[in-house]
Amino acid sequence: MKSKGLYSGPSVRGRLFTVLIMVFLYAPIFVLIVFSFNASSSRAVWSGFTLKWYRELFGDKYIMSSFYTTIAVSVTAAAASTAVGAASAIGLHHMRRAWRTPILFVNNIPLINADIVTGVAMCLLFVSLKAFINFELGFGTLLIAHITFNIPYVILSVTPRLYSLDANLMDAARDLGCTFFGAIRRVMLPEIMPGIVNGAIIAFTMSIDDFVISYFTAGSRAETLSMTIYAMTRKRISPEINALSTLLFVSVLALLVIINIRQKSEVRLQ
Amino acid sequence: MSKELIRLQRCTMAFDGDVVLNNIDLEIRDKEFLTLLGPSGCGKTTTLRIIGGFTAPTSGDVFFDGARINDLPPHKRNVNTVFQKYALFTHLDVFENIAFGLRQMRPKLTRDEISRRVFEMLEIVSLRGFEKRDVSRLSGGQQQRVAIARALVPRPRVLLLDEPLGALDLRLRKDMQNELKRIQQAMDITFIYVTHDQEEALAMSDSVVVMDGGEILQIGKPEDIYNEPKNAFVADFIGESNIVDGVMICDGTVEIFGRRFECLDKGFARDEPVDVVIRPEDIDIVPLGDGMLTGTVTNITFKGVHYDIIVDFKGFKWLIQTTDISPVGGRIGIRIDPDGIHVMSKSKYSGMFGDYSSYSAEYDEISDATVEAEPGDAREEGYEE
Amino acid sequence: MRNNGAVHGAFRSAAMRFFSPRALAAPYVVWMAAFVVAPIVFVVIYAFTAGDGAFTVGNFAEMGRFVGVFARSFWLALISTAVCLALGYPAAYILARESGRVQRAAVVLIMLPMWMNFLLRTYAWMSILERNGLLNRLLGALGIAPLDIIYTPAAVVIGMVYNFLPFMVLPIYSVIAKIDRSLIEAAADLGAAPRAVFTRVIAPLSLPGVLSGVTMVFVPAVSTFVISKLLGGGKEILLGDLIEMQFRGAAYNPRLGSAISLVMMVIVIVFMYFMNRFGEGEEGVAIL
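Residue numbers (this note's numbering), protein chains in the order written: chain G, 1 to 270; chain D, 1001 to 1385; chain X, 2001 to 2288.
A portion of the hints provided could be inaccurate.
As the list claims (entries may be wrong) - SDA-like mimics (lysine to any residue), calculated; alpha carbons at most 20 Å apart, straight line: (1) D:Lys1314 - D:Phe1302; (2) G:Lys235 - X:Gly2233; (3) D:Lys1085 - G:Tyr163; (4) G:Lys235 - X:Glu2130.
In short, the hints are calculated from the structure, not lab data.
If you're wondering where the values come from, they're calculated on a predicted model, not measured in any experiment.
Build out the structure end to end from the sequences listed, making use of the hints.
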């Protein structure tokens, strides 16, 4: 049903429309990549090919440190939120509706709320807590914020998997000799693994891409790549950033292509 | 047969005040094939889940081989289950599904031992050569066999089967019924089988337990349940029955429609109002003058080996199975032999069953009873013991 | 018995009752209380107190000065949402009619830009839309007069549509792609022409996707502060800018900022409530 298309294939005009949408989505990315090779630091005038920005990028302590911060917070937040989110999804799945509904409502708040509201709310919390506990806004608060906005995505990604499981799956595992936690580890986790992986990827993407919440929760001690770029937009963005983003983008693209090729060859093997 | 293996004693199960099992007593003997039979919601699956250890009864006790096992978790019970819709592990292949229980055993089994026992089991369920297959790529019947093999390979003393044939088509069901009976005899263990299909229950079981509304209505051999149902519900649920009001005149004589019939039943009070069951195949059609009763044919359905005809006796419609054709609207006489009449005491089910006035609707409903989850299956309660 | 220990079993079972699987959600419930609920409580407290800690509604009264900002933000967000819907629905519909392989590839292509920093992508639009930017030079080469887009509301709308279009396309697409083909065949079988099949079957069935798409575009659009700053030139501020200024800008006033945030949150929750009433049920948050 799905593979056959909805009714029949789209018309030529329809295809042209989708292609134009794609052009719209990729035009700025194309511009960014092209200007990462631009000899001058102009963002609009082409003055010859160079790899200078790529070389300078790795020597730029400011950019590289915010890049490392971004990677560190994204990886840690994705890992933590995946663990907590998957466990919560399982817990929520076993809960009575009367309990689950209000918890899911609160869970949905960061998803549905404007980022800026989530950001300033957490900012207020941290600033207010500083009056009682001695700490500074920095990597710790940044991490807490990222974990908080990532968990709902993981839950959202794992829950449908849980619902599609056979109702007796856990009982079957326990029947065959597993303890409850053994059954979770040996049966439930492997069965919902695609949802967990998907949730982890979404969480990581959200963290990498986030600017607004980081901006309000990182204080002055930690700076993510987004914050660095934002600071630069007030003057001029260094083409080194273009170079870094191009590298990131190309790596993700390469990863996707590799996954795709591997899947295809697996299908062929079967 | 043999000695008692499992005993449920005054077991009651309630979910949020909703009683799904009402104070039942049940004894299961070693190596018997016992079927829990009843409509959806009757408590049969809950009973099975109590024996499997997936839920503990709200009150009452469960004994296994003389020891109380109320709080023993499923993985410590020498009982395995074939679940409704099989609950196969889709992340594992056929071999690993079957090997699952063996890999949990302590002390650990050797790889050769696991492999030997899995292949032995593949042989028993006729799935040799399928061991590397993905379970999601198997047909319904093959998945069913994997589920049975997976539950049998740890060598349980009792196998629980929860509507295992429900998802299969009719042909395959018949084959699997024979197959299951064969496997039970080959393994020489106890099978406890849950179904809503009375034919299945009669065909396979040593004992049948008929349940309704959280209560056990009757326990007995299939023949006894069919021939001597205890009340109108059992009579109606097992096979086809005409159930009419009667009065027990004395031992061996019952009055129906103001006429006295000879019967074999004894032990009722004088003039006690009773329910009388007459199976459709026990009614003989005879010429008008020879009949004990006369009625008008209102409907005829060809069934292959016989006709189902509906006959109106003074406004009360009976189902008769016969090979003799009588035209619709024709008047016929009937005879019933004494052993074709079964007398039951009045119960709360009296007057609810056994009337074929709304013939077609009721008939279809009975033959196509659907599988539905019982309240006891409610997900949320599943793992809470 | 594999293990002849009913007593041991009873103990285990009692322990299980305590460590029921529901407990797996407990850490997150605590976490949510600390980092989702508590921050909102602080927003409420700040919004309703004056500098000296006394209760006041003055922060809300002060918002009266910014009616223009509210109006402008909602207006631009509304336009952006409408444009996203006008572009996104057909795109999702066309996509759902492609073969499975094309569909999967297209979904990846739509999500891929998110891997390039959104500030940077927005910044790239400056290069494109500038007076001497790439667009105008392209137009010049074609002999068309240059457009004055940058630092206008139009540029802000373009930026919003660009950033949020995937959030419109994906939920609509995933709902349409799930429509059972036999429903469409049934409609056709019952005499519906292709146009009627669309209006009577596909459109109503895709409504939940549209609703979640609209939510996912409108909420960030009404609250953005970066896009307006970069592409709008910061001349006419939006709600997001206003809030940002109260917390990190020159006009430091977190109590006013909290009041505005609270109003925004209430609007979003009301919005969400109506979406849920019209749309799906309990678990009905959009698919990402």
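Structure-based check of all given hints:
1. The hinted pair formed by Lys1314 (chain D) and Phe1302 (chain D) fails the criterion: a straight-line CA distance of about 24 Å is larger than 20 Å.
2. Taking the CA atoms of Lys235 (chain G) and Gly2233 (chain X), the gap is near 13 Å; set against the 20 Å cutoff, the hint holds.
3. Of the pairs offered as hints, the one joining Lys1085 (chain D) and Tyr163 (chain G) holds, with about 15 Å between alpha carbons and a cut-off of 20 Å not exceeded.
4. With a C-alpha separation of about 16 Å, the suggested pair Lys235 (chain G) and Glu2130 (chain X) falls inside the 20 Å cut-off, and the hint holds.
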